[in-house]
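Chains as they are written, first to last, in our numbering: chain F, 1 to 190; chain R, 1001 to 1345.
Just so you know, these hints were derived from the structure itself, not from any lab. Remember, it's a predicted structure, so these values are computed and weren't measured experimentally. For glycine and all other residues, C-beta sits at the position ideal for the given N, C-alpha and C. One or more of the hints may lead you astray.
Part of the chain F face toward chain R, derived, beta carbon under 7 Å [said to hold, decoys possible]:
hint	residue
1	L70
2	V82
3	I84
4	Q85
5	P86
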Amino acid sequence: MTGALVMSPADIRRAVTRIAHEIVEHNRGTEGLVLVGMRTRGVPLAERIARAIEEFEGEPVPTGSLDIGLYRDDLTERGPSVNIQPSELPDITGKRVVLVDDVLYTGRTVRAALDALADYGRPDAIELAVLVDRGHRELPIRADYVGKNIPTSQSDDVQVRLHEVDEEEYVRVAAGAGDALRRSRTGAAR
Amino acid sequence: MTTDTRPADQTQTLEAPAAADEGWRRRHLLDLDDFTVDELEQVMAATDTMKEVLSREVPRVPALRGTTVVTLFYENSTRTRTSFELAGKVLGADVINIAASGSSVAKGESLVDTVKTLQAVGADVLVMRHSRSGAPYLAARHANCSVINAGDGLHAHPTQALLDLYTMRSALGDVRGRKVVIVGDILHSRVARSNMWALTALGAEVVVCAPPTLLPAGLGTNTDLPPVRVETDLDRAVEGADVVMALRMQLERMHGGFVPGAREYSRRYQVNAERLARAKPGALVMHPGPMNEGVEISHEVAHGLQSRVEEQVTNGVAVRMAVLWLVTRTGARGGIRAASSRGAL
Chain F
1 MTGALVMSPA DIRRAVTRIA HEIVEHNRGT EGLVLVGMRT RGVPLAERIA
51 RAIEEFEGEP VPTGSLDIGL YRDDLTERGP SVNIQPSELP DITGKRVVLV
101 DDVLYTGRTV RAALDALADY GRPDAIELAV LVDRGHRELP IRADYVGKNI
151 PTSQSDDVQV RLHEVDEEEY VRVAAGAGDA LRRSRTGAAR
Chain R
1001 MTTDTRPADQ TQTLEAPAAA DEGWRRRHLL DLDDFTVDEL EQVMAATDTM
1051 KEVLSREVPR VPALRGTTVV TLFYENSTRT RTSFELAGKV LGADVINIAA
1101 SGSSVAKGES LVDTVKTLQA VGADVLVMRH SRSGAPYLAA RHANCSVINA
1151 GDGLHAHPTQ ALLDLYTMRS ALGDVRGRKV VIVGDILHSR VARSNMWALT
1201 ALGAEVVVCA PPTLLPAGLG TNTDLPPVRV ETDLDRAVEG ADVVMALRMQ
1251 LERMHGGFVP GAREYSRRYQ VNAERLARAK PGALVMHPGP MNEGVEISHE
1301 VAHGLQSRVE EQVTNGVAVR MAVLWLVTRT GARGGIRAAS SRGAL
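This is chain R alone, in the form it adopts within the complex:
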């Protein structure tokens, strides 16, 4: 598996980032690495509005009436797919879920064909998860509809980072100057990568912590990567932290020789009460889920007073509503409507 997580396609700029005060110009949401502060603020502001909608007795608005959202998942997911589906439905969109498991569709050619087919039947927004880094970029280059990256390989998971950011800001106000510790398998984590871009863009002090085998080469020194601090000792890393985010330790990494074993890993890198006591009082505990309790996070911390894990899931729906709403402001459409707006009908 490659550890170079910047897909080749990414070097081609698909669209210019929005200038301040010019509204939203992004048709696709692929990564946060080129997001401006203004764009992050726009997503956060729209999410506030979506939270208000979700708090109503009947959470439903007609904002995306007549819009078709297709979720195309080449990898398993419960919370991301469900929250995109719910987000679309609350906004009045029609949502179609497609689970594309199996390897024959994972090749470039057929991915493009799938995208074109879905677009031809009327998809306005394609929410896509794929095991290959950069797959959504390929889809976006061939699509008239909007493409939202719901996780691609080791590369990016922008909506997760946006909901993490929203959750942090709900509790802390601003993240500027706040110390955020991300601990776990940084090397294989698209969640960590997207979080690093968003948090550093907003001026947070980001410390990543992992065994040396699970750290990307050059992180902390390479200026093409987000400016974070690297620490291999968790006790030292969490000192004075405002946020401690644990990442899922995937069992296949244990067998891949990256760490000696689950017990050894949890002894040195588990977020537990003793380590949390070194962080700031009331520091937030976060986890993108699903959690391996007893491995990267202890049971008592995962469900303790400082845990924001459930709030992350709740905010996920509001953030995805905001993203769906924003990308559809640009007027990208699929199906017959796209053809007719081009004058073909």
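Bound conformation, chain F alone:
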């Protein structure tokens, strides 16, 4: 556990709740809404948002998980990691899909996710919700819902931990080590 704390568990909880409200407000209810979490940490975030929406709207929102391992355009640069899992998606054709991820960085993961979604159906609309937007986009992609904007340098390492995956919960930013980590790991912090 290194790096400066930028979100505590309470901060994360408040951000998730706010995003849940914003999604419902912007879509005028839950009709046709589908939340799709991007593996790994987007999945528990999507489930948390769905639970929050169900609490205050009384309507369950279908959720799914999307693995974009087979859609990335940077495979050969990413080293030998091979962690892929089957995607599990409800019917998305004609639905309003909100993609959920932990960190928005270059936008390449989101681009890959848009390609993947297109192979499962034709949603009416796709929106994007992220817990952290750290900047440094390389593609014309922006988030519709953001938990927290964190200015970073490209060498910073943004560490998101969620208790469903990591058994601890925080967002931290460690200076400097990011690039090396990015090269050596699956695809976290993208």
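Chain F is already provided as a structure; the job is to place chain R on it using the hints.
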């Protein structure tokens, strides 16, 4: 024909096996004899994902876009070559099929030349079947691209064993402690050999059953060979089995003096309903194909409720997708791209 099926090349380690949690490091898939449990699990996990892709209305993903897969088959094959081709296409690769029949290319020198030529025109993955044990090892030592063994002589057929394993696990969960009986021409079977390595690595109880003339010397006692039990009586072997796998009885073996004849062989070694009744209720029946119905397996068992033969073929595509995907994670490339990444361009 030699019965020493461990090619000399194999003693040279081509690459270190992957340590746990370090991702995939194998550029080639040549045999399963040095696979770690972790590596087998990685293939199984990737296969799950590939099954999901195959279940889609339009089964196609761009994972291997820009990658060229060449199948180089020096021996006939329908299902293996077709399923590799399909696997490559589903992943978005360009697939080129080359059937190299005839004996002049079967010699070491020209095999290396062929491999180098295919690599120079841009092959990233070479899927190879050859009648000589160890031929893919020779290719791998001279290739910058990935080499996948699609069956070499009497030695190994790793993707068949991986799809067999996947099929067993789909039905049984874990294979640990499960009794798997492999019956047939063990001596000449690369399928049996690769299956023995994979299954014993994962803790299955493997029993091989064959007439004494069709058993490799030392199997069951030699500790360099996989730890299996040898049984020459099929009725005894199948007792309480979870899986009964029959191997193809090749007709040329009948004439080679290994068995007295097809009728004698099937009387003692055919997997039929009566023998299957001695296995566990619902035991899986498997066969790598193509089947000689009425010889090593009876018609009713081959097409019965317990048969997983068709599922094996279906899983073959997913397993080969997983293997193609995994070996290309290591960044091995052919053609101009290999040259430019070495700084030659």
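Structure-based check of each hint:
A hinted interface residue such as F/L70 counts as satisfied when its beta carbon comes closer than 7 Å to some beta carbon of chain R; here the least separation is about 4 Å, so the hint holds. With a cut of 7 Å, the hint placing F/V82 at the interface with chain R holds, because the nearest CB-to-CB distance is about 4 Å. At about 5 Å, the closest approach between the beta carbon of F/I84 and any beta carbon in chain R falls short of 7 Å, and the interface hint on this residue holds. This hint holds: F/Q85 has a C-beta 6 Å from the nearest C-beta of chain R, less than the 7 Å allowed.
Checking F/P86 against chain R by beta carbon gives a least distance of about 4 Å; that is within 7 Å, so the hint holds.
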